[in-house]
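Take a look at the letters that make up each chain.
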Amino acid sequence: MLTAVLLGLLWFLLFVVGHIGLFHFYDIRQRSRAILAFFVAALIGLLVCAALLPENMYIVGDLPSPRFVRAVIGTVVMLCAFVVYMPAYYVFNTSLSVQTLIAIQQAPDHSRCLRELQSVDVYEQLLRRRLESMVAAGHLAADGQAYRLTPGGKRIATIFQAVKSLWRLGPGG
Amino acid sequence: MVRLAQALNVKALLLVALFSLTYFVLITAAFRWLTVGQRAATMLRLWVLSLLLLVLAYMVTPQDLWILRTDLTDAPIVGLIFAALVYAAAFFGGVLQLYNLAERGFSLRILIDIAESSTGSMTFEDILYNYSRGRGLAWMYQKRLDGLSEQGLIEITGGCARNTARGARTAAIAERVRTFLRLESWT
Numbered sequence: 001m002l003t004a005v006l007l008g009l010l011w012f013l014l015f016v017v018g019h020i021g022l023f024h025f026y027d028i029r030q031r032s033r034a035i036l037a038f039f040v041a042a043l044i045g046l047l048v049c050a051a052l053l054p055e056n057m058y059i060v061g062d063l064p065s066p067r068f069v070r071a072v073i074g075t076v077v078m079l080c081a082f083v084v085y086m087p088a089y090y091v092f093n094t095s096l097s098v099q100t101l102i103a104i105q106q107a108p109d110h111s112r113c114l115r116e117l118q119s120v121d122v123y124e125q126l127l128r129r130r131l132e133s134m135v136a137a138g139h140l141a142a143d144g145q146a147y148r149l150t151p152g153g154k155r156i157a158t159i160f161q162a163v164k165s166l167w168r169l170g171p172g173g
Numbered sequence: 001m002v003r004l005a006q007a008l009n010v011k012a013l014l015l016v017a018l019f020s021l022t023y024f025v026l027i028t029a030a031f032r033w034l035t036v037g038q039r040a041a042t043m044l045r046l047w048v049l050s051l052l053l054l055v056l057a058y059m060v061t062p063q064d065l066w067i068l069r070t071d072l073t074d075a076p077i078v079g080l081i082f083a084a085l086v087y088a089a090a091f092f093g094g095v096l097q098l099y100n101l102a103e104r105g106f107s108l109r110i111l112i113d114i115a116e117s118s119t120g121s122m123t124f125e126d127i128l129y130n131y132s133r134g135r136g137l138a139w140m141y142q143k144r145l146d147g148l149s150e151q152g153l154i155e156i157t158g159g160c161a162r163n164t165a166r167g168a169r170t171a172a173i174a175e176r177v178r179t180f181l182r183l184e185s186w187t
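If you're matching them up, the sequences are chains W and G in order.
Take the first sequence: its position 148, counted from the start at 1, is 148 in the working numbering, and no numbers get skipped.
Take the second sequence: its position 23, counted from the start at 1, is 23 in the working numbering, and no numbers get skipped.
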């Protein structure tokens with residue numbers, strides 16, 4: 001199992017380094033799709049690696065295991081790392097709280113008055129950017145002055161309406 | 001199917017699946033039938049308790065779980081660490097993330113607002129002033145500021161917000177990451 005775990009971690013590390021490098025050196029518009037494409041590529045790399053690695057080749061302290069078991073365990077490791085990593089990435093990418101901390105830090109004297117932070121201009125800017133990114137991600141479609149859900153957006157809304165209903169959560173947001 | 005069953009013949013994965021399912025059922029029951037304050041903290045406490053039970057279950061059950069092929073079992077400590085890591089991922093990247101998105105997701109709330117609107121569409125102004133069933137973006141942003149204040153990341157005095165030392169550190173790290181990844185501001 002150790003060999004499979006390490007294989008999964010190695011390919012996940014390659015995925016992280018790859019997408020960070022891509023974002024740093026190139027101006028990528030569809031970042032979520034790029035991340036997904038990179039992850040799928042890394043997953044394929046893992047599966048090929050697990051298939052090619054001889055069963056009697058394993059790290060010290062491990063036991064020999066069938067190729068298929070290595071592929072399954074490696075995939076589980078990669079998926080686990082991915083579901084933990086992505087929320088962290090989105091905190092840096094989209095969190096309004098984090099962006100507020102940065103805006104305060106960048107202000108003269110590292111202080112911002114609430115009337116400046118809570119102005120309609122700021123709200124409009126926040127919303128405009130968010131709507132643009134949702135349209136780019138394919139969740140919303142601009143229809144003249146209005147925004148409509150795409151089929152993908154509808155599916156996500158339906159799933160989370162069900163979760164809210166199941167857990168009896170309020171409107172939230 | 002036989003190969004797949006053999007591949008999944010691993011004690012750690014079976015126990016994690018069982019505990020994850022049980023956790024989800026318990027937390028769902030708690031949210032539905034009990035008054036739970038500070039839901040995220042309650043979820044974390046329940047998860048820590050269940051993790052201890054998982055470790056205990058792993059230690060007291062045989063490596064083959066009475067049903068597995070013995071040649072597919074690993075050294076106990078390796079399996080235990082693997083189980084704990086997968087269980088942590090299922091919680092922090094799974095159920096807790098699902099809760100955070102459902103309760104706090106900005107984009108998700110916009111999607112749900114539009115889905116719930118009578119016309120199936122909303123204008124920019126509709127969303128600005130009627131976000132989250134009529135509470136508006138001002139409410140949403142106030143919630144963020146309250147959260148930052150409660151977590152000790154900012155302090156508000158004289159109508160102005162200032163980062164605490166922890167808030168300043170967080171801002172510095174986040175700014176470096178965002179700059180390196182070339183992320184735009186206010187997305």
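Simulated from the structure, these hints should not be mistaken for laboratory data.
Treat each hint with caution, since some may be false.
Said to hold, decoys possible - Anything over 10 Å on all C-beta distances counts as not near chain W; from chain G, calculated:
no. : residue
1   : L14
2   : L56
3   : V78
4   : L98
5   : S107
6   : I110
7   : I114
8   : S118
9   : T123
10  : L137
11  : G147
12  : R162
13  : A174
14  : L181
Said to hold, decoys possible - To be clear about the criterion: a stretch of chain W counts as covered by chain G if any three or more of its residues have a C-beta under 8 Å from a C-beta of chain G, and this derived list gives those stretches:
no. : stretch
15  : 36-47
16  : 129-141
Beta carbons: idealized from backbone N, C-alpha and C, even for Gly.
The hints, checked one at a time:
1. The Cβ of L14 of chain G lies farther than 10 Å from every Cβ of chain W, with a closest approach of about 12 Å, so its non-interface assignment holds.
2. The beta carbon of L56 of chain G sits about 21 Å from the closest Cβ of chain W, which is more than 10 Å, so the claim that it is off the interface holds.
3. A Cβ of chain W approaches the Cβ of V78 of chain G within 10 Å, the least distance being about 6 Å, so the stated non-interface status is violated.
4. At roughly 6 Å, the least C-beta separation between L98 of chain G and chain W is not larger than 10 Å, which violates its mark as non-interface.
5. In this structure S107 of chain G is not separated from chain W by more than 10 Å, as the shortest Cβ-Cβ distance comes to only about 6 Å.
6. Listed as a non-interface residue, I110 of chain G fails to keep its Cβ farther than 10 Å from every Cβ of chain W; the least gap is roughly 7 Å.
7. The claim that I114 of chain G is not at the interface with chain W is violated, since a C-beta of that chain comes within 10 Å of its own (minimum 5 Å).
8. With a minimum CB-CB distance of about 13 Å to chain W, S118 of chain G clears the 10 Å threshold, and the non-interface call stands.
9. With a least CB separation of 5 Å from chain W, T123 of chain G falls inside the 10 Å interface cut-off, contrary to its annotation.
10. Against chain W, the non-interface label of L137 of chain G is violated: not every CB pair exceeds 10 Å, the least being about 4 Å.
11. Chain W draws G147 of chain G into its interface by the beta-carbon criterion, the shortest separation being 6 Å against a cut-off of 10 Å.
12. Distance check on R162 of chain G: its Cβ comes as close as 4 Å (rounded) to a Cβ of chain W, failing to clear the 10 Å threshold; non-interface status is violated.
13. Not every beta carbon of chain W lies more than 10 Å from that of A174 of chain G, the smallest distance being close to 5 Å; the non-interface claim is violated.
14. Non-interface status of L181 of chain G relative to chain W is broken: a Cβ of that chain comes within 10 Å, the nearest being about 5 Å off.
15. For a cut-off of 8 Å, the count of residues in the stretch 36-47 of chain W with a CB near a CB of chain G stands at 0, and the three-residue condition is violated.
16. Remark: the stretch 129-141 of chain W is confirmed as covered by chain G, as 7 of its residues place a Cβ nearer than 8 Å to a Cβ of that chain, reaching the required three.
The structure is inconsistent with the numbered hints 3, 4, 5, 6, 7, 9, 10, 11, 12, 13, 14, 15, although it conforms to all the rest.
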